[in-house]
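Asks: Which chain is which? The protein sequence lines are A and B, in order. First residue of the first sequence? That's 1 in our numbering, and the numbers climb one at a time after it. First residue of the second sequence? That's 1 in our numbering, and the numbers climb one at a time after it.
No lab work stands behind these hints, which were simulated from the structure alone. Glycine included, each C-beta is placed from N, C-alpha and C at the ideal position. Mixed in with the good hints there might be a few duds.
Stated by the list, open to error - Straight-line distance between alpha carbons at most 30 angstroms, and here's what the computed DSS-like set of lysine-lysine pairs gives:
1. Lys-266(A) / Lys-237(A)
2. Lys-151(A) / Lys-253(A)
3. Lys-153(A) / Lys-109(A)
4. Lys-113(A) / Lys-237(A)
5. Lys-237(A) / Lys-135(B)
6. Lys-135(B) / Lys-113(A)
7. Lys-237(A) / Lys-190(B)
8. Lys-109(A) / Lys-151(A)
9. Lys-164(A) / Lys-237(A)
10. Lys-253(A) / Lys-135(B)
11. Lys-171(A) / Lys-153(A)
12. Lys-199(B) / Lys-253(A)
13. Lys-199(B) / Lys-260(B)
14. Lys-164(A) / Lys-113(A)
15. Lys-109(A) / Lys-171(A)
16. Lys-266(A) / Lys-253(A)
17. Lys-153(A) / Lys-237(A)
18. Lys-109(A) / Lys-190(B)
Said to hold, decoys possible - Among the chain B residues that face chain A by a calculated CB cut under 7 angstroms, a handful are:
19. Leu-128
20. Gln-129
21. Ala-131
22. Val-139
23. Val-143
24. Asn-145
25. Asp-183
26. Gln-207
27. Ala-209
28. Leu-213
29. Val-234
30. Ala-236
31. Met-237
32. Gly-247
33. Pro-250
34. Val-251
To be verified - What the simulated footprint calls covered on chain B by chain A, stretch by stretch (three residues with Cβ under 8 angstroms from a Cβ of chain A suffice, anywhere in the stretch; the number is not a length):
35. 117–126
36. 149–157
37. 253–264
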Amino acid sequence: MMATEHIDSRLLEELTEQSQDLNSDALRITRGALIDFGQAAEPVGRRWWQRGGALAGVAGMAALLGGSRAFAASASASADDIMALQTAASIENLAISVYQTAATLPFIKDGNKTVAAFIAKTTTQHQAHAQAFNSAATQAGGQAQNSPDPKYKAVVDQALPTIKTPADVVKLAITLEDVAAQTYTKNVSQVSNADLRKLFASVAPVEAQHRATLLAVQALLAGNAADLITIPVDPAKLPAAAGSVGFPDAFYKTDMASPISEGAVK
Amino acid sequence: MSTDDWDMQISETQLARLTRDMDEAHQETLPAMRASALDLAEEIRARRTDEPRDAGRRRFLLGAGGAAVALTLAACSSSSKSTSGSSPSAGGSPASAGASGQYTGDLKVVALATALENQAVGAYQAALQAAQAGKLGTVPPAVANFVTTAMAQHADHAKAWNAVLTGAGKPAITDVPLSNQADTTAALGKAASVGDVAKLALQLEDQAAQTYLFAAYNVTSPAGIATAATIAPVEAMHAAILNYVLGQYPVPDDFLPVDKAASPTLLTV
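Bound-form chain B, shown alone (with noise of 0.2 angstroms):
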């Protein structure tokens, strides 16, 4: 079947119908997300009665939901150009959040979880980059149709794990304080072609899921756990369609592992 042929088998409309109704559905996810984020915020701080509380930074946050993509987006490409330029920040260095192990307890949990977003999407970034700048040969439209929805959603995974930092009293973590990041920016600027893009997706996202899944039953919040739930099953969904992309099985696993969850050790900040 050639290009051509394709085109002819789906229309526009429908292309159009499919994308419509995932971002609604995607958008009335978001209200419910939030509310998780801010309910743990909330343990947390209870937790910490020797801290005054925050109220006013907590409307602040909940009223901002609605930009979250765009303002993480932002956050981010603003934190790379403060430490390495346009790709997500090489040697993990922290920008936004100053001092040594300032993230104790479930909070260290949530750094890492906000990390490993911020990760990922600079991750797709790069590869949007990379694909325009004609690095990456002719991207098929599929992939960069799952590179761009995959990166909002994490970006708005970002976004509820820094809610939940900022409404802890902590600072938000909008670069990649990771020791690995080095080798993944290596990796990205390695790439020479879709499959190897995708290959490197595809680790970030098991690991990213496969952390939540660790994270679920071992961090100690309510609201944390729920977090984690909501998320691990929506980070593996990319790694299916990413599996099926590089032309391996979409549902590896009988039970999600977790050999790949990341260490908070990782956590340069």
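The following block holds chain A by itself, in its conformation from the complex (with noise of 0.2 angstroms):
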């Protein structure tokens, strides 16, 4: 059963809104950076903090998100590379497609308001990081991706009815979360250009985040204590495991990774 409301809605608000500001500016500054882009098809060389500062700056796929004639530029993607944004594109349409169910649910919906927050402001990132790959796959000459990743849809279907309580939510889009950032650590491996492993090494840690942050609400509804799930929390309050529960593994693991053949276009 979920806790009575313990949120600050205004304070979430406000710490949404300074998340969205933050974004923007990323955006801002990679449209800015992209005009000194025009050496991004040049190999990677070892001096890489020489660089020029604006691009230190610069979000991983904001980058190509901007800037079509900077992607085009070093469109050098493979046929492997195509398949893997679209594999990539099809665990966010997965991922978004549960969350925009799970917003629906009546315990979700009328529920633990900072759950509800946090699944719409995920929802929302995923959205982001399904057009970063689209737009990767379509610059480098391949077919957006629409369609959901077809093996774990076939799992999230067999689960979807089995969903009863917030922690039946949370239990699948941790599953999904680390499908996504396990796949994506892989592909910055795999992928034959720096652009595509600045996209696919910016997005990983993202939706690590979001799976740190899922396991340490999963912890908390297990010990019965859905009401500490506010943001902010009393720390005092804490369970001692909900400090370190959230990132069980030093090195993030990528054995669970999907082929990049997975969710292609056929």
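Work from the hints to combine the two standalone chains into their complex.
Replies: Below, the structure is given as structure tokens:
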């Protein structure tokens, strides 16, 4: 049973606004940096820290989102790259679908406000990722992938009828976030150019952060402490496990990474 | 809700199980990580065909991996004592690597990564010491657990990076040869609350995660790319929990930025 509302909604809105402002800033900086991004197709040199300062502030995929010209200049993407991008988009599509479905469930919609807000924000972040992956795929000459990952769609289809509580939603979301993070972490080593490495390497940590947050939420739900799922939270009230359950591995695993062909457009 | 009420809401058994599961998962990742680090060392060595191979040292590093946390913590502690007492070395003076500019190319990035990991270990170690001395007020159990677990993971990261350095015939870095270390040490010294420490820790975690992101698309070694890619998400997860503890949204960016990434020019070796 979800606890009574303890969230400071006004603060949460402010935090969300601040987050959006930061993203807007990143995009603005990116567009400015793209003026100097003509060398994007150049081989990556060893003395990367000596590059122009503007590029140092560019988020990985934001560069691709904001600069078709820049990406086109370095669009040496292979067929495997395009498949990896399409599979990534398919994973994002599935995550979006699951979060959007979850948001309509009564125990989410009318439950813990922080969980609902997290689901809403996470949905928009996955939408940004899907757009980024599809943008890169099409700019590399491939098709956009607008369907969900078939392997995990089957998992979701099987799980959805059994979902009865917020903990069930969280468990399913953790699986999807982990698959996404593992896949993109592995993709960093599989794609053929630095732009795509930047893209995958800038998204994987965000999915990992989703998972970290969900693992903490899961621990609090398991401890009948849903009332502690608030922002801000009183750290003194958190169980010890909440401090570490969110990051179980010293190195992010990739053994569950999806193969690049899994969600590719057929 | 009072603290006593809270104590009734999660069992010791459950806490123990969660901690055990986490530790088991953590240990499972280490063999693959060591293999990746050795691949990187092998790549770097292959580029330098004029240097003799040192298989004996590599085998030693493989065997020593199981004691990574203890050894690295001991190394950091020992190094700190040799430079500036029990806290991380102020001023970033090199204790283990003497010659200037001896890390070049990808190895400079590896050296930076090692130094950043040592910096994080030292910062968390100093925080624990400050807490034990009562300088931070009451430390919540969750925060204490965060610090000890994150510190151990950073020690594992440092161990992996040092394996690359020594595998390539370079000295291990067991202290913090960074020009920003004095500021970090000073900030730690001024910390008077758990919140102060958490804010500083968040800066270090953001810096580390973003440095690895930048490295992932700028280094040339495939194993180096893979290593950076597997560590960046973990540092980002640390940051997410710190944000939550600090009352901030745990996933602030749609895409991880690099504006806080450390520059190798910070290195003093």
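Asks: All hints are to be evaluated individually against the structure, with a verdict given for each.
Replies: Hints, verified against the model:
1. In summary, the hint linking Lys-266(A) to Lys-237(A) is not supported, as the alpha carbons are separated by about 51 angstroms, beyond the 30 angstroms threshold.
2. The straight-line distance between the Cα atoms of Lys-151(A) and Lys-253(A) is roughly 19 angstroms, inside the 30 angstroms bound, and the hint therefore holds.
3. For the hint pairing Lys-153(A) with Lys-109(A), the CA-to-CA distance comes to about 23 angstroms; that is within 30 angstroms, so the pair holds.
4. In summary, the hint linking Lys-113(A) to Lys-237(A) is supported, as the alpha carbons are separated by about 19 angstroms, within the 30 angstroms threshold.
5. Proposed proximity of Lys-237(A) and Lys-135(B) is supported: the alpha carbons are some 20 angstroms apart, at most 30 angstroms.
6. Note on Lys-135(B) and Lys-113(A): the hinted pairing is violated, with a Cα-Cα distance of about 36 angstroms set against a maximum of 30 angstroms.
7. Straight-line distance between C-alpha atoms of Lys-237(A) and Lys-190(B) comes to about 25 angstroms, which keeps the hinted pair within the 30 angstroms bound.
8. Restraint check for Lys-109(A) and Lys-151(A): the C-alpha separation of about 28 angstroms stays at or below 30 angstroms, so the hint holds.
9. A hinted pair counts as satisfied when its Cα atoms are at most 30 angstroms apart, and Lys-164(A) with Lys-237(A) qualifies at roughly 27 angstroms.
10. The straight-line distance between the Cα atoms of Lys-253(A) and Lys-135(B) is roughly 37 angstroms, outside the 30 angstroms bound, and the hint therefore fails.
11. Distance restraint check for Lys-171(A) and Lys-153(A): the Cα-Cα separation of roughly 15 angstroms lies within the 30 angstroms cut-off, and the hinted pair is therefore satisfied.
12. For the given pair, Lys-199(B) sits about 28 angstroms from Lys-253(A) by alpha-carbon distance, which is consistent with the 30 angstroms threshold.
13. Between the alpha carbons of Lys-199(B) and Lys-260(B) the distance comes to roughly 14 angstroms, so the proposed pair stays at or under 30 angstroms and holds.
14. This hinted pair checks out: Lys-164(A) and Lys-113(A) have alpha carbons roughly 18 angstroms apart, not beyond 30 angstroms.
15. As the CA atoms of Lys-109(A) and Lys-171(A) are separated by approximately 17 angstroms, the hinted pair is consistent with the 30 angstroms bound.
16. Taking the CA atoms of Lys-266(A) and Lys-253(A), the gap is about 28 angstroms. The hint holds against a cut of 30 angstroms.
17. Restraint check for Lys-153(A) and Lys-237(A): not satisfied, since their Cα atoms lie roughly 38 angstroms apart, outside the 30 angstroms limit.
18. For the given pair, Lys-109(A) sits about 44 angstroms from Lys-190(B) by alpha-carbon distance, which is inconsistent with the 30 angstroms threshold.
19. At a threshold of 7 angstroms, the smallest CB-CB gap from Leu-128(B) to chain A is about 13 angstroms, leaving the interface hint violated.
20. The restraint placing Gln-129(B) at the interface with chain A is violated, with a minimum CB-CB distance near 18 angstroms, outside the 7 angstroms limit.
21. A hinted interface residue such as Ala-131(B) counts as satisfied when its beta carbon comes closer than 7 angstroms to some beta carbon of chain A; here the least separation is about 13 angstroms, so the hint is violated.
22. With a least beta-carbon distance of about 9 angstroms to chain A, the hint placing Val-139(B) at the interface is violated under the 7 angstroms criterion.
23. For Val-143(B), the interface hint holds, since its Cβ comes within 7 angstroms of a Cβ in chain A; the closest pair sits about 6 angstroms apart.
24. For Asn-145(B), the shortest C-beta to C-beta distance to chain A is roughly 4 angstroms, which falls under 7 angstroms, so the interface hint holds.
25. About 19 angstroms separates the beta-carbon of Asp-183(B) from the nearest beta-carbon of chain A, more than 7 angstroms, and the hint is not met.
26. Interface restraint check: Gln-207(B) against chain A, minimum CB-CB distance 12 angstroms, threshold 7 angstroms, status violated.
27. The criterion of a C-beta within 7 angstroms of any C-beta in chain A is met by Ala-209(B), whose closest approach is roughly 6 angstroms, and the hint holds.
28. Interface restraint check: Leu-213(B) against chain A, minimum CB-CB distance 5 angstroms, threshold 7 angstroms, status holds.
29. Below 7 angstroms, beta-carbon pairs count as interface contacts, and Val-234(B) has one with chain A at about 6 angstroms; its hint therefore holds.
30. A distance limit of 7 angstroms between C-beta atoms decides the matter here; for Ala-236(B) the minimum to chain A is near 3 angstroms, and the interface restraint holds.
31. Checking Met-237(B) against chain A by beta carbon gives a least distance of about 4 angstroms; that is within 7 angstroms, so the hint holds.
32. Interface restraint check: Gly-247(B) against chain A, minimum CB-CB distance 3 angstroms, threshold 7 angstroms, status holds.
33. Interface restraint check: Pro-250(B) against chain A, minimum CB-CB distance 5 angstroms, threshold 7 angstroms, status holds.
34. Interface hint status for Val-251(B): upheld, as the beta-carbon distance to the closest one in chain A is roughly 4 angstroms, under 7 angstroms.
35. Taking a C-beta to C-beta cut-off of 8 angstroms, the region 117–126 of chain B contributes 0 residues in contact with chain A, too few for the three needed, and the coverage statement is violated.
36. Figure legend: the region 149–157 of chain B, annotated as covered by chain A; annotation consistent (6 residues with Cβ-Cβ distances under 8 angstroms, at least 3 required).
37. Residues of the region 253–264 of chain B with a Cβ under 8 angstroms from some Cβ of chain A number 10, which satisfies the need for three, so the listed coverage holds.
In this structure, the earlier hints numbered 1, 6, 10, 17, 18, 19, 20, 21, 22, 25, 26 and 35 are contradicted, and the remaining ones agree with it.
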